[in-house]
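Asker: One-letter residues, chain by chain:
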Amino acid sequence: MMISPYYYQLLVIASINAIMALSLNLVTGCAGQLSLGHAAFMGIGAYTAGILTSVYDVPFAVSLIAGGAVAALAGLIVGLPTLRLKGDYLAIATLGFGEIIRVAILNMGITGGPFGLRGISKHTNLALAATAAVLVYWTMTRLMNSRFGRALTAIREDEVAAVAMGIDVTRCKVLAFVISAAWAGVAGGLFAHWFRYLHPSSFAFAASVEILSMVVLGGMGSLEGPVIGAVVLTYAPELLRGVSDFVSRHRMLFYGALLVIMMLVRPQGLVGAGVKGLRAARLSKFQGFGRLQSSKLGQWIAAAMEKVHWKGSTGSDDSCVVNEHVSGLAIGPGTGSTGTGVGRGGGEENAGS
Amino acid sequence: MPVLELREVSKSFGGITAVREVSLSVNPGDILGLIGPNGAGKTTLFNLVTGIYSPSSGEILLDGRNLAALQPHQITNSGLARTFQNIRIFGQMSVLENVMIGRHCRTRSGILGAILGMPGVKKEEKETRERCLELLDFVGLDVDPDEKASNLSYGQQRQLEIARALATDPELLLLDEPAAGMNLQETKEITSLIKRIRDAGKTILLIEHDMRMVMGTADRVAVLDHGTKIAEGSPKEVQRDPAVIKAYLGDEANVVA
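These protein sequences, in sequence, are chains P and V.
Residue 1630 in this note's numbering sits at position 230 of the first sequence; the count goes up by one each step and never skips.
Residue 299 in this note's numbering sits at position 102 of the second sequence; the count goes up by one each step and never skips.
Some hints here could point you the wrong way.
As the list claims (entries may be wrong) - Some chain P residues near chain V, calculated using beta-carbon distances under 7 Å:
id : residue
1  : PRO1514
2  : THR1541
3  : ARG1542
4  : ARG1547
5  : THR1553
6  : GLU1557
7  : ALA1561
8  : ALA1564
9  : ILE1567
As the list claims (entries may be wrong) - Anything over 10 Å on all C-beta distances counts as not near chain P; from chain V, calculated:
id : residue
10 : ALA266
11 : ASP339
12 : MET379
These are calculated hints, taken from the structure and not from any lab test.
Here a beta-carbon is modelled for each residue, glycine too, at the ideal position from N, C-alpha and C.
Between the sequences and the hints, there should be enough to build the whole structure, so can you do that?
Answerer: Below you can see the structure in the form of C-alpha cells.
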C-alpha cells in the first residue's frame, strides 16, 4: 500500500504522541496526579538515545531502551520528593522540573545547546512507532486492570481512604510516575531518530501542555481517550489547512478555539459518553479535572495554551509541517511572557547570556 | 494480652489538649464502645489509633507493638481497619472493586506479573474476587457487584465500607459512627452486622453518638469528655455513672450558669 510521505510522517507523529498521551494518562488520568513536565521525560529519552547513536555508535535498539531507562531514573528522582505534594503544588513542582531539564539541555555541551543536536541517523519508521504505541496501549490495559491499577484509581478517588486500606500511596504514585517516564523516554528515542535533529524547545512547557490536552481532550482515565486525543490533535491543524485560504493561514487560532470549545462542550473528553457504564462515569466525574478547571493554575494554563497556539499561527508557515506540529506549538518569541521562557526565542536569550 | 492498648495517650494542638492521658484497652473478641459528647476527643483518639496523628505523649500498642514507628498504611497491614464517619468509598469504582481494594495489602501481585499475565497473578485475582464476593454476602449487601459504588444508598455505602474494611483481614475493626444518619431499620441491621463481625472473631472499637445503639451492642463502654476518660465499664454501670450523666445532660450548677 502506498502512502504519501506527508501522511506517513503524520502517522509516525501520531503514534509517538499516542505513546506520550498514554503514558501521561497513567499518572494524570488514572492516578489523578497532575503533571506538567511530561515532555521533559521525552526530552531526556530523546537526547539520551540521540547522543548514544550519533556520538557513541550504540545500536538503535539499545539507545531506545537506554533512553527509557534514563527517563525512568529521572522520573524516580523527581517523583520521590514531589509526589508527596498534592494538586496544584505537584503541578508547579513538575512544571519546575520540566524547565530545569530544558535549561540544562540548553546549556550542556554534548547536547549541542541552543544549536540543537544534529547528525542523528534515521531509524524510526511507521511500523516501529506504531508497534511501540500498540505495545504501550497493551501494557496500560494490563496495568489498569490489575491490582496496581486498582490502587491507582483508589488513590485518585480518595487518597485518605486508600491509605486507610493499607495502600502505600507514595510508592504507587512513584511507580506510576516511573513507568510513565520510561515510556515517554522511549517515545523520545523514536522522536529523535525520526527527525534526526533535536532542540530543547521541543520539550518545553508548551509541549507538556499539548500532551496534557491530548489526554484531556480524548478523555482522562480511559485507555482509548488519550490515543484518540493524540490522533485528533495531531491531525487537527493539518485538516484546517485544507478548509480555505483564510482558515489555513490562521489555523492555529482555529485550533486553539477548537480546544476551548471542546472543553466547554465535552469536558469529559471525546470518548466520554461513548464508552459504556462505569468507565464512562469515571471519565465524566473525574474530580481532578474539575479542580484543574477551577483552579488558578488551570485558568493560567488555559491562557498560556491560547497564547501558545496563537503565536504558533504567526511564525511558522514556512517551517516543516510536522516539525511545526510536534515542536512548533512552542515556537515563537513572546510565549516566554507566560513566565516559563517557552519557545526558541527565550531559549537563545538564555544561552547567550 | 489486649488487642489494642492505649497508655496515657495525650494529644495537643498548640495550646489545646484534645486528648488528655487516656488509657484504654480492648480485649480480644470485645466490642468496646467509645462515647462522649461532641468535641470530647473521640475522633482525635480515632485518628491517633489509625496513625493519622501521632500522640504528643503516651503509647499506643496494637498486639503489643508500638504504632508510633508505623505509617498509616502499615498500621492497616498490621491488622487494624477502619470506616469513616463521613463515608469515604471509592465512588467511581464498582462495588466489587471497592472491596478488592481492601485486599490490596493482603495480596502480592506485581506490575510485571500483571503486564505479562502470569498464571499466579490471574489465580490471585480470581481468589481475591471470590473472597470479596463472600464478604459482600457476609455484610448483607445484596446489589450487583459491578454497580458503581456511588449509586448505592447511604445505608448500603456504610455496609460497603465495612465489607471493604473487613477485606483487609483486620484483628481490630474501628467503626466511626456507623449508625450516623441511619433510620431505625438501618441502625438495627448495622447493629446485627456488628455482632456478626464480633462472632466471626474480630475485635471492635465502636465510636458512636447514638447511646441506644452503643448500649445495645457494646460489651464495655468508655466515656470521653473534654479529652479525658471519665468512666469505663459495662453499659449498665456507665449509664448510672453520675459523671456521665453530667457530661451528657449537664448538672444543676451548669443550668444556673
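Asker: If you test the structure against every hint from before, which numbers come out violated?
Answerer: The structure conflicts with hints 1 and 2, although it agrees with all the remaining ones.
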